[in-house]
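Student: Sequence:
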Amino acid sequence: MVANQTRNHEIARETQLRSGPGVVARPRRAVGDHPHCGRLLTTKVGLQIPADMTFEDWEQAGRKLSGILDSSSWWLGDWLVYGKDHYTDLYQRGIRAAGLSYQTLRNYAWVSRRFEFHRRRSALSFQHHAELASLPLAEQELWLDRAEEMKWTTKQLRNAIRDVRAATEGQDGRQAEATRRLAVPGDRIQWWHKAAEQSGIDFEQWVLATLDNAAERVLEDVEEQTAVSA
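Quick note on the working numbering: the sequence shown kicks off at 1024 and runs consecutively.
A hint or two may mislead.
Said to hold, decoys possible - Under the rule of at most 20 Å between Cα atoms (straight-line distance), these lysine to aspartate or glutamate pairs were calculated in the EDC-like manner:
| id | residue 1 | residue 2 |
| --- | --- | --- |
| 1 | Lys-1178 | Glu-1227 |
| 2 | Lys-1067 | Glu-1079 |
| 3 | Lys-1178 | Glu-1164 |
To be clear, the hints were calculated from the coordinates, so they are not data collected in a lab.
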């Protein structure tokens, strides 16, 4: 009896020495239960991916990263729109301080202005909206509905629009369109295609956005000069 009490006292003292006074002993971690197991660690220069990540976790991570990338286009577009509306003389300084590409931001802002917040479809990507940005509002809504219902990719949406245009254009319309074409050197076309790809926007939409942005910039400069001279 005395021997048992002595042994129990020794065990209790040993436990206290290991844990320290007032420290609750922690349960032993199961083998393989690593705190970063199955998780991605994001850094400024890349991802740290666990060596034992399952395919399901990897696939889910891709969806989340894609969603963040798509959302960031809207965020940056809205950010620039707000800056232009509230800090007319200072917003370009903010862009330079952020180290962002002005042309890319202008493209994002152009799409953001074309789609008010309540008209944006969360089931569709920013690129879906960019494909439709140059269309009248009623056509935008029509194609957004179709793309959402049919679960089209951006490429499928683009092809569907082209098919409809090809079917509805008559010979007179095609001739009239031909008279409005510009003679552009081939190397310029390749250069523009590359820029459109880097911006993540369809070539035709990129051309329209770039021309609109250039016109907007010129008109803004004219308005500023007029205001100063007045």
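Student: Each of the hints needs a verdict: does it hold here or not?
Tutor: Outcome of the hint check:
Proximity of Lys-1178 to Glu-1227 is assessed by CA-CA distance (about 13 Å); at most 20 Å being required, the pair is judged to hold. Note on Lys-1067 and Glu-1079: the hinted pairing is violated, with a Cα-Cα distance of about 25 Å set against a maximum of 20 Å. Proximity of Lys-1178 to Glu-1164 is assessed by CA-CA distance (about 18 Å); at most 20 Å being required, the pair is judged to hold.
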